[in-house]
Structure formats: C-alpha cells, structure tokens
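Produce the entire structure from the sequences given, and follow the hints as far as they go.
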Amino acid sequence: MLRFLHQFASPPTFYRRSAQLLPWLAVSTLLLILFGLYQGLWLAPPDYQQGDSYRIMFIHVPAAWMSLFIYMVMAFSAAVVLIWRIKLAGDFVIASAPVGASFTFLALITGAIWGKPMWGTWWVWDARLTSELILLFIYMGIIALNNAIEDKQLAAKAVGVFVLVGVVNIPIIHFSVEWWSTLHQGPTVTKLDGPSIHQSMLIPLLAMALAFKLFYFLVAIMRVQNRILSDEQNKTWLKRLLIQ
Amino acid sequence: MMNIEQLIEMGGYGNYVWPAYGIGLAVLLLNIIVPLYKKQQMLKSIIEAQHRDKKNDT
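These protein sequence lines are chains Y and R, in that order.
Position one of the first sequence corresponds to residue 1 (my numbering), numbered consecutively onward.
Position one of the second sequence corresponds to residue 1001 (my numbering), numbered consecutively onward.
Honestly, the hints are just simulated from the structure, not real lab data.
The C-beta atom is built at its ideal place from N, Cα and C for all residues, glycine as well.
It is possible that some hints are incorrect.
Partial pick of chain Y residues on the chain R-facing surface, computed with a CB cut under 7 Å [claimed, not checked]:
#1 P46
#2 D52
#3 S53
#4 I59
#5 V61
#6 S102
#7 L106
#8 L108
#9 T110
#10 P117
#11 M118
#12 H174
#13 S176
#14 V219
#15 R223
#16 I228
Below, simulated DSSO-like cross-link-like pairs (lysine-lysine); rule was C-alpha separation at most 30 Å, straight line [stated by the list, open to error]:
#17 Y:K157 to R:K1054
#18 Y:K213 to Y:K116
#19 R:K1054 to Y:K213
#20 Y:K213 to Y:K152
#21 R:K1044 to R:K1054
#22 Y:K152 to R:K1054
#23 R:K1055 to Y:K157
#24 R:K1044 to Y:K239
Here it is, written out as structure tokens:
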C-alpha cells in the first residue's frame, strides 16, 4: 500500500495519470450541475413556509458542506505530509486551500442573502455564522502562511501544523446549532433517523453536493499540476512531455 | 415552476435567489479560470527558457 502510494505520489506519474482524469471530472461536474439546477429551480415545488426563497439552499448547503469536507481532506493530507513526508500531499493541501476558501465565502454570502428575507437580517453574530467566518479566516491564514515562507519544504510543514491545529474549529461549526441557541436551523439531512426533507428537494441537493465535490477535485488537481510544473520545470521527464 | 416568468419572479424572491446563484456561478468560474491562466503563463515561460538554453548551447 505504502509502495503504491509512493509510486502514485511521484510527480511524473501523478501528472500523467491526473491529466487523463481531468476531462471526465469536468464533464461529469457540468452534467451534475445542470441536472441539479433543472431539478432544483424548475421541478422542485416551493416550500410551504419559505416559498421560493428556499431554493438558495441548493447552493448554500452544498457550499457549506464543502467548506468542512475540504478542510477534513486537507487535515488528512497534512497528517500524511508530517508523518510520511510525501511531497504531493503537501501540494494537495496548498492546492485545496483556495477552493475551500471559495466555498466558505459562498456559504457565508448565500447564507446572508437567504437570511435577509427569512430572518430579516443579513448577519447575526451567533455560533454557526461566527464559527464559519472563522473558518474563512483560517483558510486565508493557510494561504498567507504558505506565501510567506520561501522554502517550499518548510512551508509545507508549517502549513501542515497550522491545518491540524485548525481542525478544532470543524466540530464547533458542525455542532454549533445544537450546543448554542441560534437563529440557524438544525440539520435536516445528516440526522440519525434519516433526512426530514422531501425527495423532490433532496435529489437536487445531493446532485449539487456531488457536483461540488467533483468540482473541488477538478480544481485541486489542476492546481497540483501547476505546482508540479513550476517545481519540476528543469527535469527531463517534463521537458520530454512538453516537446511532444 | 410553470413558465419562464415564474422562474424569474421566484414567488417574489427573485431579487434574492438569482444574485445568490449569480455569485455561485462567478465563484466557480473564477476557480477554473485562475489555474488555467496560471498554467498557460507557466508553459509559456518554460518553453521560452528552453529556447534560450538551446541558443546558449550552440
């Protein structure tokens, strides 16, 4: 397993393999988004309490899920960097941070737009919103820390430690709606007794969530490839590949 | 939804729903465009450097 990991994590192998993967990821992401939008904006009925405003959910909730999911993937990769010193894992952490920041920003801004008509305010300083805002700052801190350290190996280590420390915020975000009283509603999909949401709304929600996941891997791979390009531009394998 | 007008109106919430989707689209597009642009710039500079090396060799 470890040998397989090392082999796959060698930059030349990863560069070639992932290049084959990209078109498939791009096409399936696009199809899933179109399917999700059609289901969510056209087929799904209005909500009996919130009317059509609830349709913001189809980007807000998947974006918020992604903000946590990407962080957990980054934390896992950061552990791999620190324990096994696999360089590619470090590239993946750095490549993920801008995507994570984007989805966190998207979750916050769509939440504000949804909050205005439903709660009567764009923003409240309650636990869920504040902890999600802190997550955005953590993502930006990761990007800034990486940019601040010239030596790439050292940067990967420092970022790895920072990411692992920041993990403490993730359960706080997830459980914030249960631990503190808040305007934000509790979970309706990730509940023990099954989701309390009608199928016509659940299907587009899950389609968008899957689309965003594929999108994340698409962008992260593109960014890792760019890092490989810049790190290995003087290596023979890359020169050969570019001549072709 | 029954027709296009209803889709745009969003039961009176169009002013909230559509900007949210617009921002979502903009964020996704930016995430694709930025790395693509970077890659192009990098390939350009790498190929230029290779040409320079060849000239120096001869």
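Quick rundown of the hints versus the structure:
no. : hint               : in the structure
1   : P46                : holds (6 Å)
2   : D52                : holds (4 Å)
3   : S53                : holds (4 Å)
4   : I59                : holds (4 Å)
5   : V61                : violated (12 Å)
6   : S102               : holds (5 Å)
7   : L106               : holds (5 Å)
8   : L108               : violated (11 Å)
9   : T110               : holds (5 Å)
10  : P117               : holds (5 Å)
11  : M118               : violated (9 Å)
12  : H174               : violated (22 Å)
13  : S176               : violated (22 Å)
14  : V219               : holds (5 Å)
15  : R223               : holds (5 Å)
16  : I228               : violated (10 Å)
17  : Y:K157 to R:K1054  : violated (37 Å)
18  : Y:K213 to Y:K116   : holds (28 Å)
19  : R:K1054 to Y:K213  : violated (43 Å)
20  : Y:K213 to Y:K152   : holds (27 Å)
21  : R:K1044 to R:K1054 : holds (16 Å)
22  : Y:K152 to R:K1054  : holds (29 Å)
23  : R:K1055 to Y:K157  : violated (39 Å)
24  : R:K1044 to Y:K239  : holds (13 Å)
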